[in-house]
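**Student:** Residue-level listing of the chains:
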Amino acid sequence: MKNDGGQLYTIEGVAAGLIMLLTAFLVVGATTVYTPGDTHINDMQMEQFGNDLLLTMDTPAVCCAENSPTCSGINCDEKSNLQKAIENTYGNGSAIFDQEFMRLGAVKGNRLQYNASVYYRLAATSEIHSYLLNKSPKLFTRDNAVKVSKFVKVDNTLNTMVNGDTKKQEVLVEVILWLD
Amino acid sequence: MARLNEEAQWIVLMGFMVSFSLIFLGIVINQSVLVGQTTAEGVLEFPKSDIKDIRSQVLSMTSTSPTEIDGDPVIERLRNDLSSLSLSEKNAVTSFEIKCWSGDPSCAQKFIRVHYYNGVTNFTETVITS
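These protein sequences, in sequence, are chains A and B. Per this note's numbering, numbering of the first sequence is gapless, rising by one per residue and ending at 186. Per this note's numbering, numbering of the second sequence is gapless, rising by one per residue and ending at 115.
This is chain A alone, in the form it adopts within the complex (with noise of 0.2 Å):
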């Protein structure tokens, strides 16, 4: 006959195991080591909220079909808030872009920063430059930034432009934002 002695605390050797085990796995994830590659969730919400933010700039408020007669809203020729910041036209570009950004940006209250630049090529040297659209006065950042880009077709037949060849263009607004 086998000694079954014993057997009671085998088990509570065991449960005793499986109660340590269990605490240090409680003790272990209820820190989260929050490195910089684990923000990947904000920077993925910054984006799709800087992206929106310059596809909705670079719409046209209203845009009607040619001789509408029900339409009494502007003519579909008419230009998107951020080609109106890059052309220059009345010399207030850098106003338009920050005053259009941060009216947008307002849903995430006062704490959206920004650093925008506008990248064109000129085609005599097929060169790459870039002048600095506008920023805001608070240059430094506590979260991580993203970096949002945009495409926009300008017109500088009128020369208005900060930098540029006098031509109809594409150029790249770059945006870098972060919350303050």
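Errors might be hidden in some of the hints.
[What the hints assert, rightly or not] Under the rule of at most 30 Å between Cα atoms (straight-line distance), these lysine-lysine pairs were calculated in the DSBU-like manner:
hint, chain 1, residue 1, chain 2, residue 2
1, A, Lys153, B, Lys37
2, B, Lys33, A, Lys153
3, A, Lys144, B, Lys75
4, B, Lys95, A, Lys174
5, B, Lys75, A, Lys85
6, A, Lys141, B, Lys33
7, A, Lys174, B, Lys75
8, B, Lys95, A, Lys141
9, B, Lys33, A, Lys85
10, B, Lys95, A, Lys173
11, B, Lys37, B, Lys95
12, A, Lys173, B, Lys37
13, B, Lys33, A, Lys174
14, A, Lys90, B, Lys37
15, A, Lys114, B, Lys95
It is worth saying that the hints were derived from the structure and are not from the lab.
With chain A's structure known, arrange chain B on it following the hints.
**Tutor:** Quick look at chain B alone, frame taken from chain A:
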């Protein structure tokens, strides 16, 4: 050694079951964190907005120039800007062609092909305007 008390063994057994189920639930919670991260990574990696942007730029190009097909100086200028800027700023190869749809002498109907490739995502679209 004292004689072992064999009563209440089932309580210990219940204790086992509770521990096991807690560990199992812990594993499930850990997995959920991982799922959220990989989903966000997937969204970040796929150049959704880049593709939408290129697409909208090319498809709206047919209203910028009177002749509006490949070879037109305005279209060529926009093409070079678009491909140089996306290559240098977005590390993506972008190209497009706009042609008159055959059998349409007035060229009102156009054949447009958009291509985007950033080394991971390869996107090609063909559109025939109505």
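**Student:** Now tell me if each hint is right for this structure.
**Tutor:** Verification of the hints:
With a C-alpha separation of about 16 Å, the suggested pair A:Lys153 and B:Lys37 falls inside the 30 Å cut-off, and the hint holds. For the hint pairing B:Lys33 with A:Lys153, the CA-to-CA distance comes to about 14 Å; that is within 30 Å, so the pair holds. At roughly 27 Å between alpha-carbon atoms, A:Lys144 and B:Lys75 fall within 30 Å of each other, so this suggested pair holds. Distance check on the hinted pair: B:Lys95 and A:Lys174 sit about 22 Å apart at the alpha-carbon level, within 30 Å; holds.
Of the supplied pair hints, the one linking B:Lys75 and A:Lys85 holds, its CA atoms being roughly 26 Å apart against a limit of 30 Å. Restraint check: the Cα-Cα separation between A:Lys141 and B:Lys33 comes to about 26 Å, which is no more than 30 Å; the hinted pair holds. Between A:Lys174 and B:Lys75, the direct Cα distance comes to roughly 22 Å. Compliance with the 30 Å bound is thereby established for this hinted pair. Proposed proximity of B:Lys95 and A:Lys141 is contradicted: the alpha carbons are some 41 Å apart, above 30 Å.
With a C-alpha separation of about 25 Å, the suggested pairing of B:Lys33 with A:Lys85 holds against the 30 Å cut-off. Between B:Lys95 and A:Lys173 the CA atoms are separated by roughly 25 Å; this keeps the pair inside 30 Å, and the hint holds. A hinted pair counts as satisfied when its Cα atoms are at most 30 Å apart, and B:Lys37 with B:Lys95 qualifies at roughly 20 Å. Distance hint between A:Lys173 and B:Lys37 is fulfilled; the C-alpha atoms sit about 25 Å from each other, no more than 30 Å.
Only pairs whose Cα atoms come within 30 Å are accepted, and B:Lys33 paired with A:Lys174 is accepted, the gap being roughly 26 Å. For the suggested pair A:Lys90 and B:Lys37, the alpha carbons sit about 22 Å apart, so the restraint of at most 30 Å is met. Restraint check for A:Lys114 and B:Lys95: the C-alpha separation of about 42 Å exceeds 30 Å, so the hint is violated.
In summary, the structure is inconsistent with hints 8 and 15 from the numbered list given earlier, while agreeing with the others.
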